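Visitor: Chain residues, written in single-letter form:
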Amino acid sequence: MADDKDVLRDVWFGRIPTSFTLNQDEVTEREAEPYYLLLPRVSYLTLVTDKVKKHFLKVMRAEDVEEMWFEYEGTPLKWHYPIGVLFDLHASNTVLPWSITVHFKNFPDSDLLHCPSSSVVEAHFMSSIKEADALKHKSQVVNDMQKKDHKQLWMGLQNDKFDQFWAMNRKLMEYPTEEGGFRYIPFRIYQTMSDRPFIQRLFRPVSPEGNVHTLGDLMKEMDPAALPNDGEPKRYQVVIHGIEPLLETPLQWLSEHLSHPDNFLHICESHNPPSPVLSSVYISTPPTTTPPLLLSEDLFIGREG
Amino acid sequence: MNGATGRQQCYTYCYTTPRKKKRAEVLFYSTPPQSAVGADMSSCVLDEQNFYRCCCLLLQQSEQLNDGWSWEAVQDSEEGYLRKTTLRSVVINSSTVWDLEGSSSESEPSDQQAQESEQSVPVALDEPDTMEDDTDDDDDEDDGVCAVSKGNSKVLQYEYHIMYSCSYSTPVLYFRASTLQGRSLSLEEVWSSVHPNFRLRLQNSPLNTISLQEHPLLGQPFFMLHPCRTEEFMRPVLLAAQEQHRPVNYVLSWLSVVGPVVGLDVTLRYSQLHPAASISSTESD
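Line order of the protein sequences matches chains H and G. Following this note's numbering, the numbering of the first sequence begins with 1 at its first residue and continues without gaps. Following this note's numbering, the numbering of the second sequence begins with 1001 at its first residue and continues without gaps.
It should be emphasised that the hints constitute simulated quantities derived from the structure, not laboratory data. This structure is a prediction, so every number in the text was calculated from the model and none was measured. Idealized CB from N, CA, C, for every residue including glycine. A portion of the hints provided could be inaccurate.
Computed footprint of chain G on chain H, listed as stretches where at least three residues anywhere in the stretch have a Cβ under 8 Å from a Cβ of chain G [what the hints assert, rightly or not]:
hint: 1; stretch: 104-117
hint: 2; stretch: 133-147
hint: 3; stretch: 190-197
hint: 4; stretch: 200-212
Here are some chain H residues the structure puts well away from chain G; computed CB gaps all over 12 Å [said to hold, decoys possible]:
hint: 5; residue: Gln-24
hint: 6; residue: Asp-64
hint: 7; residue: Gly-74
hint: 8; residue: Glu-179
Computed list of chain G residues with no C-beta within reach of chain H, every gap over 12 Å [claimed, not checked]:
hint: 9; residue: Asn-1050
hint: 10; residue: Tyr-1052
hint: 11; residue: Leu-1065
hint: 12; residue: Asp-1067
hint: 13; residue: Gly-1068
hint: 14; residue: Trp-1069
hint: 15; residue: Ser-1070
hint: 16; residue: Thr-1086
hint: 17; residue: Lys-1154
hint: 18; residue: Leu-1239
hint: 19; residue: Ala-1240
hint: 20; residue: Glu-1243
hint: 21; residue: Gln-1244
hint: 22; residue: Val-1257
hint: 23; residue: Val-1261
Next comes chain G alone, as it looks inside the complex (with noise of 0.2 Å):
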């Protein structure tokens, strides 16, 4: 086992943001060789085996870690996707203006609802301990508290899915948010909810973007981030990892990136993990 290079590593995924044009953190959580592979490191593309094996590893570590991920199989087979739900708090106001803390960047899309002198930020509160331990991190706008006016301010229930797209050959996140009462929420309130920077991303690509979809397997609508543009981000992380001779958890990665954009957090804990303590059994070569 290759006990040196397999520790944490962290790897900076330049996602820039057009305001604050600051760099997200994905963190890779490495593994020996011979255990989870992430990807077909030359295409770039994950298989179903792969994806299922992530999955496995990202479930032993988010219970040593109390991360609430659970895995919900389809009928007797081997398929299936992972589930969490989260509570978060936040303000919903379909004419939610944003307050970027002072500074009207031109590169904010004009509101036309900028009339208001008090503006509301969503509020974004986690459940807790999972980010005690940030240092580096930067600052994410979600935390902490922020002027809050006009606009209720609610506990909504978010239930998240991970599944496989063959199609793809990504993982592809399903959401639904509902409020305490049961009530489903909107398309439009959710993109409320989504953070200005990561909604002028969204908005510029409508096929990478949020959309009500039927849930493959379960039938009902839930919102879905489109996967056709993975690819496209995953390739620098496979690459550098590949350069350096590290294995990557294709779906921890990647979850870590478009997770935040849809108020799923993952916590850097992901990568202090040692890995030997949760690979229970590694494939025969």
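Next up, chain H with everything else stripped away, as it sits in the complex (with noise of 0.2 Å):
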């Protein structure tokens, strides 16, 4: 039976195989070949491609050169989504590797945030902690936190330093044990067939007669047409991490457990099988009496190294 630290250690290690290759239409001087790379699915594309945009700068004139974009069958990337988050819900029936559209022109900027620095990662990455602490403590710990308390929490995001990360992330994940829970659970509902970029509302963890509110209840509450009647085949999948944990998990320890180093937890709502080669995590039995919860899917997570 895994340990519920080993999930942590599973989600933080997560890599995604990609490939990216050059858009054609991009002026070189000699032909790009594509360059691979093992993406974190917990961090952020502008922040772990600069290998990426020197490959492709040693093949291009300066006067050529604007900010980088990336895209997927058409579809630029939202760089401010976690890189999981962003196959998960555009690319998880895709064979692997993943293959990433380069561009250095025409920035869409009518569809993606400009990110003209790390500085804007961070300013984002630390805006959704903010906000999750809001949601989670009514700000009180993130608040009482130092900048230097911060500062470790987005350097450990950068470096892909575990241990510094939860160091102080866990502080984000403590709640008083007389109420059960966060206040609320921070989450975004991601759909691919939507106007609306994502689903975020106020949920408890806990129902006010004590009743521990489940990864079910919730998609019932927020979207009731993804779950099936009874009888019906399976119209979508929840997918997190690239797996789809078991309807009956309590919400509370996805939260604390399953949810990206923002402190939020990123669900998608696919259409697309979860990759079979990306991931698997037996989750052991939360703090109550129930047997261990199994995944629908026996598959593995890849750890680097």
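Could you use the hints to bring the two separately framed chains together as a complex?
Guide: Right under this line is the structure:
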């Protein structure tokens, strides 16, 4: 039986093998080879693709290079979404490696946010953490932290340092025992076929009567159409970090263990089956009496190294 | 209905600027107690239902004043946002240096671009009939004509959205700006069109600032004024009103504080509307 802490590691070290190919309309001095990279699911595109940029700049003239942006099958990829979310949302049925197209011109500024430097990523990341704590603790925990503590969270993510990150992040995962959980659960639900970018509303982990809310309760409340009625086949997969947790999983447990480093649970409603290479987490017993919760597919989160 | 106390009242909210130490007026539109109550007074936060009520009230008043606000609903739901577009004539220059009318106050940030002898200042020309009835109001630096030299004076279209943040239990202001030819403004250009007094305050607290964000309903890039400090400046406003037993339109009060920072003025005439004229239905007790 896996320890709950192993789940944290599996989530942190999840990787997606990716190939970056230069858009063929870019002007190059010689042919550009694709570049291969293992992308961290929990990080952000513009944070981890310096090498990609360097690689393609070798075959381009400076005057042909503007802000780099990424696209998959015609869809511009939003760098401010965690990489794993982008994959689960747009590409989970693809054959690996995930094939991303790189652009250096014609930045689509009606679709994508500009990202001129890593400090923009840091601001976005810290803003998410603050918002998550506003929901969980009325901002008390994050406001009690010092500036260097905030920096530690960011540096942990930026430098892929699990221990450094979690030394601080564990404080954001605490709650008064008598409450039974956070005040509200920070989550976002992404749907491929929607005008709305995501669903985000207030939702408590425990009902006023003391019932523990599950993932299924959340989905029923936020998108009743997602779950089939009895006897009907499944219409969507509910995917977190590339896996389908059982709908009976307590939401509080998911928030503590399957959140991204930004402290949000990012949930994708996908039509596509989760990629078979990527994910399996054997979720151990939450601190109630229920037996171990297995996931519906036996897959493995690839660890790096 | 509390006719007497229900009339327009003014409350001065202390918003001191480093340079001029002036006070900006924040006007409350007071309403009879049984209609839209602006906020849960005990905690100075705004729940979603009250947000919608405040918006409804603001809309009614906006219609009377021809102030241009509309409601954009998300399909088949109560959810939505207030929307308004305006035209502003602004001097856009990414190296804009601010002429503060002669006084080089030590509290101003030393601007390394301050070599230009003539300096450009944004001139914001609001739509007609918004500021006519100003009497006691402080001079707004944006009014009138200032020395304009380097930099282009452009007419820009601004689009403002007011939405509700359930995470912070406050309204949030989103906006975008483009030239009449449809070119979107960059963050630098937007910054350069923010009045220097506001800019200084914003720059001091990075999370209380303007940034480019994804619009939560439309998914497109918009500028946003970060909401995490809203409760801080709304609290004295709400507590004072509570002490004097005067309800407050949270959204309108909030807007009159944050709007001017990004070029959106809230006409004083909102305060002059008769409450009874704009309340069509009241809440059942």
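Visitor: So which of those numbered hints doesn't the model satisfy?
Guide: Violated hints: none at all, because every hint is consistent with the structure.
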